[in-house]
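Visitor: So you can see what is in the structure, the chains are spelled out below.
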Amino acid sequence: MGSRNPVTWLGSPTFPRAARETLRDTQLRGNLRHATGTIRAKRADAVSELDDWEQLRRAGEAIKDDVLSNLDTYLVQLEEAVTARGGVVHWARDAAEACSTVLRLSRAAGASEVVKVKSMATAEIELNEALAAGGVSAIETDLAELIVQLGHDRPSHILVPAIHRNRAEIREIFRREMPDVDDSLSDDPRALASAAREYLRRKFLSARVAVSGANFAVSETGSIVVVESEGNGRMCLTLPETLITVMGIEKLLPTWQDLEVFLQLLPRSSTAERMNPYTSVWTGVTPGDGPREFHLVLLDNGRTSTLADTVGRQALRCIRCSACLNVCPVYERTGGQAYGSVYPGPIGAILAPQLGGDMHDPHAASLPYASSLCGACFEVCPVRIDIPEVLVHLRSQAVAAKGRSAESSAMAAASWVFGSHRRYEAAQKAGSLARFLTRDGRLSHLPWPGSKWTDARDAPVPQAESFRAWWRKNRG
Amino acid sequence: MADARSEILGRISSALGSSAMGAPRPAATPVPRDYQRSRGFDDVESLFVARACEYKASVHLVESAPETIASTVDARGMRRMVAPDDVPESWLAAGVDWVRDAGMLDVATLDSCDGALTGCALAIAETGTIVLDAGARQGRRVITLVPDYHLCVLRASQIVGTVPEAVAELDPVRPLTFISGPSATSDIELDRVEGVHGPRTLDILLITS
Amino acid sequence: MSHSSGAPDAALPGSGRRVALFATCLADTLYPDTLRATVRLLERLGCTVDFPHEQTCCGQMHYNTGYREHAATLARRHVAAFTGYDAAIAPSGSCAGMVREVYPGLVGDSEIPERTYELSEFLVDVLGVVDVGAYFPHRVTYHPTCHSLRMLGVGSRPVRLLSAVRGLDLVPLPEAETCCGFGGTFAMKNAETSTAMLSDKMHHVLSTGAEVVSAGDNSCLMHIGGGLSRMRSGVRPLHLADILASTEEAPWAPATR
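Chains X, F and W, in that order, give the protein sequences.
Positions 236 to 711 (our numbering) are the ones given, in order, by the first sequence.
Positions 35 to 243 (our numbering) are the ones given, in order, by the second sequence.
Positions 335 to 591 (our numbering) are the ones given, in order, by the third sequence.
Keep in mind that a hint or two might mislead.
Unchecked claim - With a straight-line Cα cutoff of 27 Å, these simulated DSS-like cross-link-like pairs (lysine-lysine) come out: (1) K523/W to K637/X; (2) K637/X to K708/X; (3) K687/X to K664/X; (4) K637/X to K664/X; (5) K277/X to K523/W; (6) K90/F to K277/X.
Don't read these hints as lab results, they were simulated from the structure.
Working from the sequences, and respecting the hints, build out all of it.
Guide: Next comes the structure, spelled out in structure tokens:
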């Protein structure tokens, strides 16, 4: 098929350039500081309630590793189970193939409009745009997705795509875009939620086709699990005649029992709740209850190439909880849109470039550097993805893809200097000459690239004598 | 070109470095299941009540269902309610226009109901969750979704302590709905507020006798 | 060897231990005072300290920036330089973390990673001391650096050491566990984001009213201190070792820096 993978947004600037813009947005900074601060504290409480949290994380990690090591076997098992219960399974190598499958199925069901449950997989493949091009309009029903859709905006968070918007901004979007809403709408979250209820209710009750993602799919039984809060998921999963679920091939759990681990890990990590308001489980088609047709689209779109990387594949354990975004000091300041992908934050920085599969793309290659490697992400990850390890691993791929550069020459030179303690000592002596450049004991202006440091910080003043020179003189 | 299915399966095989699917691969770490299956709660009933209330469900402890159903739906101002056709007649309080669903009611009819009355499959104390599995006294999933009010009757013996205990009891091929409080959202500033598309009010009658 | 003061005192916790100072290239070149303080402290506790001259850089900068091959070469050098010592002690959580957590995947089998300690770990876990006999009559706030906190898991050790220092008024740092924004080459590659993180860290440091901000890594202190110096804030960055080396007899004084 060979078309561009839309997991990273076409024409995105590199992360440092995008961040330069978003860091200036004081409204965004305030909104994110407030929202991530709120959820961080709540998550910590929800997690500290379980004294076996570490055991659950280890179990979650091991279950997902088992899935990845036997992915083909489990997928075939899932396909058999879903088919046996009246579902139809489709396979899609890439975004284009998945989109055309969903479009074909929607048209076959006679729908000009589909209702959608929030789904990262369908956002990743830009399904809405593809459906629109084919004459089918997709209505996002998750509140945050709706805010993004009505705001003609892009998502900035995995769980809450409109996290960059505060209540006042959301009110403005609703006033502008919802026909039945007038200026009296308040910015009370309850009132805003209620406005969304009124706006979507007719659409739910009349929809013929719904499109969803899946949080989990149980191979042994063919059961699909969707975890949500608002009830929009239940509306989509039970009211329309046709349900189309698009899921990444890595979203499997081998056994029904495995769900006991993930139904504890996911809600506490993501919305910091003991349990989210609604979790729906269905298996194929249940006569007389819910959709009469069920289609499951299994999406690759870069997952198999990610799987081939023995270090990078752990990113496929991800259950899209967003805990890593909420604790990330970089994300909190730049916001999600700076990452130029539907997957922002720490997990996005390792997932988007791997799914995209092109480290020659300067934007993708900049993502693994969008981290100070502080490790807060790994600490909270419910499936123990060592994000810093993968970031560093992908950095070496970015370096390899880039070839010779000013940086690689400098690194090679530094490596040569450090390769001998005599060369190193000579360099220290040469460097100490720079102390004569300083005034009043400060070093405030260095030439490029040192200016990147001294633009905001004084640099340390070189010492007249290194420690090793002192040691040799006094102790050697 | 190969079809998508064979191509994806082939890519997986080669990514994992083995030629034949189903051939044994170096086993991943065995899944450590040393987390707690049961947390040994002394009193799952009280825990359930406390946790369900934290998520803004109202729990009423009663000795028998019928009278309390009548007073509860009256207090909620219910005029027309839907119930699956296998709930006991004694649950159908006077003064309410009851619509019985045998699986045939259309959405418009359900939308005309103020509320729904059902039983449930089980409840989880630790998380304050009730689970419906479309079994006895529960009806189709849509019944407890379209009307804005849900009254759920739960027997104390149906309460389990933990999520693992619940998962072990449930049959995955039945359509399952886990419900923890009324519908809610955290989508505005990551602060939870109750009441979106699902029922905005959830009453649970817990029969203790 | 002019530092030897006669027979080792068997009563001291470090008596009979010969340890290697893992100086780190950053401190060797820019913060020699911290290393002199580390040596003074360890010797005061009875250790015999060696400085293996072959050491240069552990390779962390190369590794973290994506230059794995260069890092592996430097790692092999480092391992060779420290072979033969029971313990290598670094006044740096991040360099100690590099050796202990990353080297096993970079140089294969070696005893050096497990024999490498960050200073507070060595003091508390190996020597078993919390009160090192220090005196530092100043108001101090402590920033737990990310790698010492999350890579090595030093936990409360530095704070316990500081709490036992006579005269020291330890003030908790709000949002202490949030990264200061240094991140090695991150501070250059994503300078604006790094600065945004730094400004929040400085804000919290200033809110404590401390005279001194301390940490177990001179790299992070170089970052935080560079920002505080640019603001002419009057708050001094000072490594944990400098504080722990200070005694009533030989108190730390700004002039020695």
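Visitor: Hint by hint, note whether the structure agrees.
Guide: Do the hints match the structure? See the list:
{"no.": "1", "hint": "K523/W to K637/X", "in the structure": "15 Å, holds"}
{"no.": "2", "hint": "K637/X to K708/X", "in the structure": "44 Å, violated"}
{"no.": "3", "hint": "K687/X to K664/X", "in the structure": "24 Å, holds"}
{"no.": "4", "hint": "K637/X to K664/X", "in the structure": "33 Å, violated"}
{"no.": "5", "hint": "K277/X to K523/W", "in the structure": "33 Å, violated"}
{"no.": "6", "hint": "K90/F to K277/X", "in the structure": "17 Å, holds"}
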